[in-house]
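Asker: Single-letter residue listing:
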Amino acid sequence: MATYSTNEFRSGLKVMLDGDPCAIVENEFVKPGKGQAFNRVRLKNLKTGRTWERTFKSGESIEAADVVDVEMQYLYTDGEFWSFMDPNTFDQKSADKNAVSDAAQWLKEQDLCVVTLWNDAPLSVLPPNHVELDIVDTDPGLRGDTAQGGTKPATLSTGAVVKVPLFLEIGEVIKVDTRNGEYLSRAKDS
Amino acid sequence: MSRSIALEVIRARSNLYRLIRQYFELSDVLEVEVPVIGSVGTTDPQIQSFRVCGDVSEAFLQTSPEFFLKRLLAETHCSCFAITKAFRDEERGRRHNPEFSMLEWYRVGYELEAIIQDCVDLVQQCLETEKQVHYETYSSVFEKHLNIDPHRANLADLQHLISRRTSFSGSCDSVTEALQLLLVSEIEPKMEGITILRDFPVEQVALAQTGNDASGQKIAKRFELYLDGVELANGYQELIDPVVQRARFEQDNQLRQKTGKLPQPIDEKLLVAMEKGLPECSGVSIGLDRLLMAKLGLEDIDSVILFPWADA
Numbered sequence: 001m002a003t004y005s006t007n008e009f010r011s012g013l014k015v016m017l018d019g020d021p022c023a024i025v026e027n028e029f030v031k032p033g034k035g036q037a038f039n040r041v042r043l044k045n046l047k048t049g050r051t052w053e054r055t056f057k058s059g060e061s062i063e064a065a066d067v068v069d070v071e072m073q074y075l076y077t078d079g080e081f082w083s084f085m086d087p088n089t090f091d092q093k094s095a096d097k098n099a100v101s102d103a104a105q106w107l108k109e110q111d112l113c114v115v116t117l118w119n120d121a122p123l124s125v126l127p128p129n130h131v132e133l134d135i136v137d138t139d140p141g142l143r144g145d146t147a148q149g150g151t152k153p154a155t156l157s158t159g160a161v162v163k164v165p166l167f168l169e170i171g172e173v174i175k176v177d178t179r180n181g182e183y184l185s186r187a188k189d190s
Numbered sequence: 191m192s193r194s195i196a197l198e199v200i201r202a203r204s205n206l207y208r209l210i211r212q213y214f215e216l217s218d219v220l221e222v223e224v225p226v227i228g229s230v231g232t233t234d235p236q237i238q239s240f241r242v243c244g245d246v247s248e249a250f251l252q253t254s255p256e257f258f259l260k261r262l263l264a265e266t267h268c269s270c271f272a273i274t275k276a277f278r279d280e281e282r283g284r285r286h287n288p289e290f291s292m293l294e295w296y297r298v299g300y301e302l303e304a305i306i307q308d309c310v311d312l313v314q315q316c317l318e319t320e321k322q323v324h325y326e327t328y329s330s331v332f333e334k335h336l337n338i339d340p341h342r343a344n345l346a347d348l349q350h351l352i353s354r355r356t357s358f359s360g361s362c363d364s365v366t367e368a369l370q371l372l373l374v375s376e377i378e379p380k381m382e383g384i385t386i387l388r389d390f391p392v393e394q395v396a397l398a399q400t401g402n403d404a405s406g407q408k409i410a411k412r413f414e415l416y417l418d419g420v421e422l423a424n425g426y427q428e429l430i431d432p433v434v435q436r437a438r439f440e441q442d443n444q445l446r447q448k449t450g451k452l453p454q455p456i457d458e459k460l461l462v463a464m465e466k467g468l469p470e471c472s473g474v475s476i477g478l479d480r481l482l483m484a485k486l487g488l489e490d491i492d493s494v495i496l497f498p499w500a501d502a
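Going down the list, the sequences are from chains A and B.
For the first sequence, our numbering gives the first residue as 1, with consecutive numbering after it.
For the second sequence, our numbering gives the first residue as 191, with consecutive numbering after it.
Don't read these hints as lab results, they were simulated from the structure.
Since this is a predicted model, take the numbers as computed values, not measurements.
From the three backbone atoms N, C-alpha and C, an ideal C-beta is built for every residue, glycine too.
Don't take each hint at face value.
[Claimed, not checked] When the alpha-carbon atoms are kept at most 27 Å apart in a straight line, the in silico DSSO-like pairs for lysine-lysine are as follows:
#1 K47(A) x K34(A)
#2 K57(A) x K451(B)
#3 K152(A) x K321(B)
[Unchecked claim] Residues from chain B that face chain A, not an exhaustive set, calculated with beta carbons under 8 Å:
#4 E221
#5 E223
#6 P288
#7 S353
#8 R354
#9 S357
#10 L371
#11 A396
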């Protein structure tokens, strides 16, 4: 099993801690001039998303986590699992609800996502920054109100609800920023 | 580093060194130059020297100018100081660069009290602002913040305290290690202004003399100066007995072997000088990069070093 010594610690490094895969967020070296050196480390638990602080004696080693980010195409969901395919190897993976979590509301068939695999199984899914989705439900559009800044909720094909300008109608395709859930524009070819 | 920042740092460092030289000139402490490369490194189990391998010879980059300055003291009996580069392998972080700048000075005839005051005066003068000074002992800070007596605590109690109070989940190998962990994680962050921490446990005597505090507790005549929780200076009323010095070197090497580190050659030239006679004296070293950081209000050592480790 691969291990990392504290002097290899840097942000982004994936390690195992208490049985969970974690990413190092910050690593601080502390040492009394004439004394034992320690590394004070902040880690993000990749399963729960929670941040931990841990102190290690410098020179200690911890187990590496077999965590890789792979760009995969989203295929479909049966409601329980979400299927993804590596477009290069055609290798398919099923992610459960925990792994997909909030990303589910942005997943559109054939979009490329970053799937984080831990021991070859999906741990988390990062949707593209921008997705184009159909409006399936919203209040009737108010023509001629394009200049006003008002918004209304619109439900998208994936179930996500975003605030959109008042002039948009059911059936239109819009571009959304998945990082903050904000409407960006009408999709170019709609 | 942008051009304007680089120039600001360069000017601030040169101003700092001018203030230091002025301070020592006023009290007749001679500036001396000593080698940064020598035939032996340090035996200190917690400090690793760089070994330099040339085509024909092998030597060590110095982890501090201490041994050369002490040899000079034995020769001249003159108070002296050096501003020099020091090198320590494996020390890299927000407050550590493996190559760093150090001021070290010795005052002949000074005892611990006097050198502490000297150090405080120098730091105040360098910072050009009056900082509040807190005088503490190793006992007083451990009692105040953790309600324990560091000279009598046993490993099991300290370990219990560590697992309750800190984010360290491993086990400490010794009382010293446990105390150091508690100091860096529970006490240092609470220090404000200038804090003098003195009278260390004898296990952390390093190259200081031992003595007794007012309560009769055996202590090391050693102090550290902290500025807002950052260790800036370390000083001793110096050990001058060559026999005890040799024993400490040997003890260092035993501890090295116990912790899987290579024992290091002992500086026989220093011991010869001490046999000839090191005068009663006290000495201090200050990390100049950290002092400069404090002066400029910067948090990262890389911001005061023009070519930090990753870029050197």
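Asker: Take the hints in turn and mark each one as holding or not.
Answerer: Taking the hints in turn, this is what the structure says about them:
Distance hint between K47(A) and K34(A) is unfulfilled; the C-alpha atoms sit about 39 Å from each other, more than 27 Å. At most 27 Å may separate the alpha-carbon atoms for a hinted pair to count; K57(A) and K451(B) meet this at roughly 15 Å. Our distance criterion of 27 Å between C-alpha atoms is broken by K152(A) and K321(B), whose separation comes to about 58 Å. About 23 Å separates the beta-carbon of E221(B) from the nearest beta-carbon of chain A, more than 8 Å, and the hint is not met.
Interface hint at E223(B): violated, since its Cβ lies 23 Å from the closest Cβ of chain A, which is beyond the 8 Å cut-off. At its closest, the beta carbon of P288(B) sits 11 Å from a beta carbon of chain A; the interface hint therefore is violated under the 8 Å criterion. Because the beta carbon of S353(B) sits about 11 Å from the nearest beta carbon in chain A, more than 8 Å, this interface hint is broken. Hint status for R354(B): violated, given a least beta-carbon distance of 14 Å to chain A, over 8 Å.
Annotation: S357(B) was flagged as interfacial toward chain A, and the flag holds, the nearest CB pair being 4 Å apart, inside 8 Å. The criterion of a C-beta within 8 Å of any C-beta in chain A is met by L371(B), whose closest approach is roughly 6 Å, and the hint holds. For A396(B), the suggested interface contact is upheld, since its CB lies about 5 Å from the closest CB of chain A, less than 8 Å.
In summary, the structure is inconsistent with hints 1, 3, 4, 5, 6, 7, 8 from the numbered list given earlier, while agreeing with the others.
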